[in-house]
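K.L.:
The whole structure should be built from the sequences, with the hints applied where relevant.
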Amino acid sequence: MSAASVAQVRLDSIGKRYSGTKALDNVSVEVAGGSVHALVGANGAGKSTLGKIVGGVIRPDEGQLFVDDRPVRYTSPREARIDGIATIAQELSPLPHMSVIENVFFGIEPRRAGLVQWRRMRAQYEELVAAWGFELDANTKVGALRTADKQKVEILRAIACDARVIVMDEPTSSLTSVETKTLHRMIRTLRENGRTIVYVSHFLDEVLELADTVTVLRSGRLVRTAPVAGETEDSLVAAMFGAAAEAEHFEKPQGSTAQVVLDVSGLSRKGVLRDVSLQIRSGEIVGLAGLVGSGRTELARAIAGADPIDQGTIAVDGTARSIRSPADAMAAGMAFLPESRKDDGLFLELSLAANTTFADLGTVASRFGVLRLALERKKTTSLLTMLSVQPPVPSAKVANLSGGNQQKVVFARWLFRNPRVLILDEPTRGVDVAARAAIHRLINNLAAEGTAVLLISSEIEEVLGLAHRVLVMRRGSITREFGADPPMEAVMEAAFGLGGRTIA
Amino acid sequence: MTAQPSDPVAGNPVAAEDPVSANGLAAPRVRSARRIRAEHIRDYGVVVFAGALFIYFTVATSVFLTSQNLLNILFQNATIGIAACAVTFTIIAGNFDLSLGSIFVLSEVLAAWAAVHMGVWWAFPVAIVSGMVMGLINGLLVTKLRVNAFLATLATALSFGGIAVGVTHGGLLITPSSSVFTFIGQHRAGGIQYPVIIFAAVAIVLQLVLAYTVFGRHLYGVGDNRNAARLSGLKVDRTVIITFVITGAACGLSGLIDASTTGSGTSDTSGLGGSLALLAIAGVALGGSSIFGGVGSVWRTVLGVLMLGMITNGFDLLAVQDYWQNIVRGILIIIAVAIGLVIERRT
Numbered sequence: 000m001s002a003a004s005v006a007q008v009r010l011d012s013i014g015k016r017y018s019g020t021k022a023l024d025n026v027s028v029e030v031a032g033g034s035v036h037a038l039v040g041a042n043g044a045g046k047s048t049l050g051k052i053v054g055g056v057i058r059p060d061e062g063q064l065f066v067d068d069r070p071v072r073y074t075s076p077r078e079a080r081i082d083g084i085a086t087i088a089q090e091l092s093p094l095p096h097m098s099v100i101e102n103v104f105f106g107i108e109p110r111r112a113g114l115v116q117w118r119r120m121r122a123q124y125e126e127l128v129a130a131w132g133f134e135l136d137a138n139t140k141v142g143a144l145r146t147a148d149k150q151k152v153e154i155l156r157a158i159a160c161d162a163r164v165i166v167m168d169e170p171t172s173s174l175t176s177v178e179t180k181t182l183h184r185m186i187r188t189l190r191e192n193g194r195t196i197v198y199v200s201h202f203l204d205e206v207l208e209l210a211d212t213v214t215v216l217r218s219g220r221l222v223r224t225a226p227v228a229g230e231t232e233d234s235l236v237a238a239m240f241g242a243a244a245e246a247e248h249f250e251k252p253q254g255s256t257a258q259v260v261l262d263v264s265g266l267s268r269k270g271v272l273r274d275v276s277l278q279i280r281s282g283e284i285v286g287l288a289g290l291v292g293s294g295r296t297e298l299a300r301a302i303a304g305a306d307p308i309d310q311g312t313i314a315v316d317g318t319a320r321s322i323r324s325p326a327d328a329m330a331a332g333m334a335f336l337p338e339s340r341k342d343d344g345l346f347l348e349l350s351l352a353a354n355t356t357f358a359d360l361g362t363v364a365s366r367f368g369v370l371r372l373a374l375e376r377k378k379t380t381s382l383l384t385m386l387s388v389q390p391p392v393p394s395a396k397v398a399n400l401s402g403g404n405q406q407k408v409v410f411a412r413w414l415f416r417n418p419r420v421l422i423l424d425e426p427t428r429g430v431d432v433a434a435r436a437a438i439h440r441l442i443n444n445l446a447a448e449g450t451a452v453l454l455i456s457s458e459i460e461e462v463l464g465l466a467h468r469v470l471v472m473r474r475g476s477i478t479r480e481f482g483a484d485p486p487m488e489a490v491m492e493a494a495f496g497l498g499g500r501t502i503a
Numbered sequence: 000m001t002a003q004p005s006d007p008v009a010g011n012p013v014a015a016e017d018p019v020s021a022n023g024l025a026a027p028r029v030r031s032a033r034r035i036r037a038e039h040i041r042d043y044g045v046v047v048f049a050g051a052l053f054i055y056f057t058v059a060t061s062v063f064l065t066s067q068n069l070l071n072i073l074f075q076n077a078t079i080g081i082a083a084c085a086v087t088f089t090i091i092a093g094n095f096d097l098s099l100g101s102i103f104v105l106s107e108v109l110a111a112w113a114a115v116h117m118g119v120w121w122a123f124p125v126a127i128v129s130g131m132v133m134g135l136i137n138g139l140l141v142t143k144l145r146v147n148a149f150l151a152t153l154a155t156a157l158s159f160g161g162i163a164v165g166v167t168h169g170g171l172l173i174t175p176s177s178s179v180f181t182f183i184g185q186h187r188a189g190g191i192q193y194p195v196i197i198f199a200a201v202a203i204v205l206q207l208v209l210a211y212t213v214f215g216r217h218l219y220g221v222g223d224n225r226n227a228a229r230l231s232g233l234k235v236d237r238t239v240i241i242t243f244v245i246t247g248a249a250c251g252l253s254g255l256i257d258a259s260t261t262g263s264g265t266s267d268t269s270g271l272g273g274s275l276a277l278l279a280i281a282g283v284a285l286g287g288s289s290i291f292g293g294v295g296s297v298w299r300t301v302l303g304v305l306m307l308g309m310i311t312n313g314f315d316l317l318a319v320q321d322y323w324q325n326i327v328r329g330i331l332i333i334i335a336v337a338i339g340l341v342i343e344r345r346t
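Which chain is which? The protein sequence lines are V and H, in order.
Letter 275 of the first sequence, counting from 1, is numbered 274 in numbering that gives the first Met the number 0, and no numbers are missing.
Letter 100 of the second sequence, counting from 1, is numbered 99 in numbering that gives the first Met the number 0, and no numbers are missing.
For the record, the hints were derived by calculation from the structure and aren't laboratory data.
A hint or two may mislead.
[What the hints assert, rightly or not] Not the full set, but computed from the structure, chain V residues with beta-carbon under 7 Å of chain H:
{"id": "1", "residue": "Met329"}
{"id": "2", "residue": "Pro337"}
{"id": "3", "residue": "Phe346"}
[Said to hold, decoys possible] Distance condition first, Cα-Cα at most 25 Å in a straight line; then the derived BS3-like pairs of lysine-lysine:
{"id": "4", "chain 1": "V", "residue 1": "Lys341", "chain 2": "V", "residue 2": "Lys140"}
{"id": "5", "chain 1": "V", "residue 1": "Lys341", "chain 2": "V", "residue 2": "Lys21"}
{"id": "6", "chain 1": "H", "residue 1": "Lys143", "chain 2": "H", "residue 2": "Lys234"}
{"id": "7", "chain 1": "V", "residue 1": "Lys378", "chain 2": "V", "residue 2": "Lys341"}
{"id": "8", "chain 1": "H", "residue 1": "Lys234", "chain 2": "V", "residue 2": "Lys341"}
{"id": "9", "chain 1": "H", "residue 1": "Lys143", "chain 2": "V", "residue 2": "Lys269"}
Beta carbons: idealized from backbone N, C-alpha and C, even for Gly.
P.N.:
What follows is the structure, given as structure tokens:
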């Protein structure tokens, strides 16, 4: 297999089942060599599964995969890699304790007599980095890198392996908009060099801007494969959901005089947060904007007791609270939806009921800690139905749900507690358009009922769409404050530290 | 599947498909119910295999299926079983305990010492409390000092074992021939040895706690996703420590039973003390509980332990040489763990 040849991938009548559910049903797609081919669809539509089948991560139950018209049957990503197909997964899995260069060349190190030729490897690395315009220190431990840079490592690795087809699964879901632009630039360069990109995404604007061809999936079935030129966001949404989904506009009360619920003052944590103060009133949604690494997540975690603080006070409903653990924060009436539902949110092996009630088992247990399972089932069912989780079955296992439904389950756990303060870190990450809209409505409704909401999102549109006030963070401090519906450019400039006057 | 705390005992292989069928997707359900998947082998393999072994030994030997022999199997595995049921808690919560045997030995020795020097009644609280203290030490090392559970309990196993030798000076502590002391080890109720009754009681109580209490649910949560459990307001360290203390108490109880049965306390680890940890953990693994935590149950462990016991017993009856027992046990454990790993990789 020479690196120069342009690979073409064809999927013929692919079918895949997961514990009885059809994830893919008779899907046929042709991916032209040297193109960017996007796979779109709602969560659970099967777009990730299809991408994984191309990359050899998942084996199809039915149908045939062809690479350059040659039928192939991969049993591992490794075998796909040998054919020049590399996968960059949604949740990146580099070797955290090894350096960038070791990650890039892992398994393909230039060797002599079994020993790694470091000098040659370095030269190759420099060449690679220069040729593709990456800026990445070879010696940094990958575990210390940000997501965007980890992704670069994976892309470099794919190039170093002479990958002709690169499957990217939701590559921008944890990137800022600037990082996304950089990634798109890289993808275009890859395409110019004859690489084929399979781009799995739920960001339709990105797909329209970047891809040549788009395949729309709905509930595991192929809707259509078409050139992007003939598509619009509306046409794609219509194809994904069968009907045009409308964008939601929320009324934003201004200058609220309701009682202050959350009062944070002088919060500091060495190297992370500097003298952060903020107030959220009852019924108010405060959006926190800023670049990745600006301290948004760290602030949320500090308020929620997940990380220790060095200085500062936190008061809820006028009462100062000493918060040293998540349990303390919860006792104060806070609920914290963490950034990564897989790492910090869900119990994947447990049932929906167990996931929903975990943070407040006392309400479904007798005095001696004996669970009242019938009551738990009842309460869970009604909550899951209210959130339109599919399936709303308490005994179903969370691992078998799609991303959007999983996220709703994390919401369910916190709504189960009726919190005074709801801290949301990336509440719609990796969630399809419909679930996203549902979550936005939910957040708005909760605020309307008097909950104080702190909303963090990498998607500036999400923050602007929901927040009554927008705070911008930069380098661990809050540097700007805006009212409702500020101009996006102003917020972006503040996030980058351009223009405007800092107030902190 | 059955490992879900909401449905720990009465589960059946189709249960997890029910939500799907409830959604009106009946066709795939029929298909998948017919197919046997790795998860089913993990969940029910132990039941099927134990049943098959049982039938085989019944047919192959005339003695196996007699109440006397079956009671013997239970009696011989009661001490291992008690420790195994308790360590299932530790393992479900995502930890490990290699010090079972040493806690067993030191508790036994201390119980015998107390019986000799303080009066026979003292043996009971001393055995249990010393076991709990040793479990507490393990728990504190693992949580507060963040020592890897494997290493921490390997280290304490050495120390506890060493203390036991120090107490007995390497010999036997013969306990007073009082029926108070030998009661639980040497007597029967309704024809059933007390150790068997205690084993059954421990297993039932622990299974109920695991399946039907808040604490049990917490164990699954900690084992499945420690971060999520902490962020949900759980005092994770405390939960973990309690599992070690319960395991310690159970090993103390096992030590007491052994002392009572033999009328002595020994620090000699060539006996049960040396192999207890491995046999108990083997029983847990064989039952299909995940060594990585989050999945498992006590009734599985009971089946796993009894299966190991059945192999010993059946092979003895068939006059198969000793070493074959260990070879077969080893192979079975590898099969059980491999099935678990296949599932792990799939999800």
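K.L.:
So, for every hint listed, does it hold in this structure?
P.N.:
Status of each hint after checking the structure:
no.: 1; hint: Met329; result: 4 Å, holds
no.: 2; hint: Pro337; result: 6 Å, holds
no.: 3; hint: Phe346; result: 4 Å, holds
no.: 4; hint: Lys341/V / Lys140/V; result: 23 Å, holds
no.: 5; hint: Lys341/V / Lys21/V; result: 23 Å, holds
no.: 6; hint: Lys143/H / Lys234/H; result: 12 Å, holds
no.: 7; hint: Lys378/V / Lys341/V; result: 24 Å, holds
no.: 8; hint: Lys234/H / Lys341/V; result: 20 Å, holds
no.: 9; hint: Lys143/H / Lys269/V; result: 23 Å, holds
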